[in-house]
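With the hints as constraints, model all of the structure from the sequences given.
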Amino acid sequence: MNEKTRRLFTFTIPALTAAALIVAAVWGRSQRARAERFERLADEYASNYVAACTRCGRELAGSVSQMESSLMKLRVTASAANRVLALEDIVRESGEAAGLLSRIPQSQAAHIELAGFLTRAGDFARTLSKKLLADGRLDETDVEQLEAVLSAASRLAQELDEKIANGEMPVGTEDFDYYDISDDDEPEPEYPALAYDGAYSAAASVAQPLGVSGEEKSPEEALREAERILGEKLGYAGRTDGAIPCYDFASEDGEISASVTVRSARLLSFMRAPSGDGGGLPDGAERERLTECALAFLESAGYPDMAPLFASYEGGTALISFAAKHGEVFVLGDLVKVWIDRGACAPVGLDAREYLMRHHEREWEEPSVTEERAREAVSELLDVTDARLVLAPLTPLTETLCWEFRGSCMGGEYLVWVNAATGREERIARIISDETGERVG
Amino acid sequence: MKGIKTALTALLLAAALIFAFAADAASLSYGSRGDDVKKVQSRLKTWGYYNGAVDGIFGSGTLAAVKSFQRKNGLTADGIVGPKTAAAMGITLSGGAPATTGDVYLLARLIYGEGRGEPYKGQVAIGAVVLNRVKSASFPNTIAGVIYQRGAFDAVSDGQINLSPDATAVRAARDALNGWDPTNGCLFYYNPATATSRWMLSRPVLLRIGNHAFC
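Protein chains in written order, with my numbering: chain A, 187 to 627; chain B, 131 to 345.
FYI, nobody ran anything at the bench for these hints, they're computed from the structure.
We put the CB at the ideal spot given by N, CA and C, even for glycine.
Keep in mind that a hint or two might mislead.
As the list claims (entries may be wrong) - Which chain B residues face chain A? A few, computed with CB under 8 Å, are given here:
#, residue
1, 217
2, 247
3, 279
4, 301
5, 305
6, 315
7, 328
8, 329
9, 337
10, 340
Structural data, given as C-alpha cells:
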C-alpha cells in the first residue's frame, strides 16, 4: 500500500463519512422538526374545527332556547306592537338556528324534518307579523299553531341541552355520510304541519299546476307539438314526474332539449345553444326586434297576449321576461321567460314553469282606489315615472290587484305596489340595473 | 396614372384603418387598453389563467392567458377576444359588467367539479338542484350555504370545486340561475353506479340525465 492509498483509507474516507453522517443527522433533525410542525398544525386545525362545530352546537341550542322564550312571551303579550316585535325575534332566532344546523356535521337525511321545521317556524312568524300589521289581530287558528310551534321548540330545546350535557353533539372530526341514516339513528320526531300562506309553507310546496288541467296526452302527441313549435326533428328522451309532469325530447345531436307537459301538451321549456354573437346593451331598434321575435314565438307556442317586463343581455342572448296582459292589467304570476339569440334573432330558450303553475281563469274587481289616490300612499321621496295596474302574487297562494309605481330615489330605482282595493302599500322591490340589463331584486 | 395609384392607395389605407378601428371596437387584442381589457384580465386571473397585474394593458402575459383560455374552451387560439371568446368568458365588450360574478361563478365551479363530461342539460340540472335546495325549507337559503354544507357534494369534499370552470359550466350556471330547471324540482341526484346510501337509493327517481339519477 503506497502512501497515497494509506492516506485515502486513514484520513479522506473517514473524514468524508463523518461529514456525510453529520449532514444526514442535521437533515434528519430538520425533517423531524418539520414533521412535528405539520403534526402540530394538523392538531391545531382539528382542534379549531372541533371548537367551531362545538360552538355551532351550543349556539344552536341557545337559538332554539331563545325561540322558545320568545314564543312564551308572545303568549302573554297584549299589545299588537309587542307581538310584532316578539314574532320578529322568532323570525331571527329560527333563521339563526336553521343556519347553525346546516353547519353541524350530521346527516341531512336524519335532520331534513328538523331543518324544515326551523325554517317554516320563522316563515310562519313573519306571515303572522305581516297579518298583525295589516289587521291588528291574530285568529284562533294562528294562536293554536303558535302553541304547537312552542311545544315543538320546547321539546327540541330540551333534547339539544341533553345532547350537549351527555357529550353527544357531533363535533366534526368523525366520518359521516350526509345522505345516510345509520341503524342506530332514531326516527325523526314529528313537527307540527303549519297551515299558512308563506314562501316555505307546506301548501306552497305541494301546490298543483293550475295551467295544465287538460287531458293527458301521449308522448307522440307531445312530440308532434314540440316539433311544430320548434320546427326541428326531435326524439323522445323520457318522462319526468315532478311538480309539472312532462315528456322530455331532444334533437339527435343533443343541441336541443325540450319538455312538454303531459297534460294539455304545452311547451314547458326548451333550450338550445346560442351562437354567442352580440354583446353590450342593444339599441332601441334591436331591442324592439328581439321583443317582436320573442312575442311571435310565444304566440306560436301557445302563450298569446303577453307583454314584456324586463330584459337582460348576456352571453350573446337576450333574456326577456313576459307577463300575461288582460286589458290594462299585467298578470305578474303568469310569467314566461324567453331567450333570443342576438346574432340570429331567433328563439333559443323558453321557460314557462311559473306561468303553468299559476295560470287560470281569473276574475277581479275593478280598482276601487284610483291611481291618483294610490299615488298618495307612495313615499314623497320616490320620483314616480310610470304607473300601471298589476295582479301581483304577493304570497304563494294569493294574487292582489295593485297599482304598480315605478320610480327613482337617490340613484336607486324601485317598484312600489299599492293595493288597488285598500290603498295600502303592499310591497317594494328594487330594480337592479347594470350593463347587462335590468332585473328585480 | 400615378395620381390614380396614390388615390387608390390612400383609399385602401383609409378603408384598412376604418376596418381596424371597427374591429378594435368589437374585439381586444395585443396592445389594446382600457376597462374591457381589465375585465378580461380580471376574469382570467380569477380562473387561474393569468398571473399578471390587472392594469388594463393587453400585453404578452394577457395574450398568453387568452390563448390558453381559448385552447381549453375549444375556441380558435388566436389571442383575440372577440364576441365568441367574450361570450365564453361571460363578459360583454362595450363597458358591460362581468356576467359571471359571485353566485354564477360559484355555481359554475360546482357544476364543473361535479358534472364535467355530463351532457349540457345534466350540467344545468346540477345547478337547478342547488337552486331548488335554496328554495326548500329543509336546506340553507343561500347558494354558498347549500354548496358548502358539509358532505353535500363530493366536489367540495375532494377539492374539485376549486378547479377553473369551462365556458359550458358557466353557461349552465347562468341558465340554471335564469330559471331553467330540467329536473322539475328535484332536490337530490346521485350516480347509480357508485352511490351506496340506502336512504338515497330508496328515493323515487324522477329522471336520469347522463350518469346521474335525479330525485
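- Query: Going by Cβ atoms only, is residue 301(B) closer than 8 Å to chain A?
  - Reply: holds (6 Å)
Measuring from the C-beta of residue 328(B) to each C-beta in chain A, is the shortest one below 8 Å?
This interface hint holds because 7 Å falls under the 8 Å limit.
Practice item. Classify the hint on residue 315(B) as holds or violated, based on whether any CB of chain A lies nearer than 8 Å to its CB. Key: Hint holds; residue 315(B) Cβ to chain A Cβ min 4 Å, cut 8 Å.
Worksheet item: Holds or violated: residue 217(B) as interface residue toward chain A, Cβ cutoff 8 Å?
Response: holds (4 Å)
Would you check whether residue 329(B) satisfies its interface hint, that is, whether its CB is within less than 8 Å of any CB in chain A?
-> Cβ of residue 329(B) sits 4 Å from chain A, so the hint holds.
* **Hint check: 8 Å Cβ-Cβ cutoff, residue 340(B) to chain A** => It is violated, given that the least Cβ distance between residue 340(B) and chain A is near 10 Å, above 8 Å.
### When the least beta-carbon distance from residue 337(B) to chain A is tested against 8 Å, hint result
Because about 4 Å separates residue 337(B) from the closest Cβ in chain A, which is inside the 8 Å limit, the hint holds.
Report task. Hold the hint about residue 247(B) up to the distance rule: shortest CB distance to chain A must be less than 8 Å. Result -> At about 13 Å, which exceeds the 8 Å cut-off, the nearest Cβ of chain A leaves the hint on residue 247(B) violated.
Restraint satisfaction for residue 279(B) [CB to CB of chain A, less than 8 Å]: holds (5 Å)
*Against chain A, is residue 305(B) within 8 Å by beta-carbon distance?*
With a minimum Cβ separation of about 7 Å from chain A (threshold 8 Å), the hint on residue 305(B) holds.
Figure legend: structure checked against the earlier numbered hints; hints not met, in rising order: 2 and 10.
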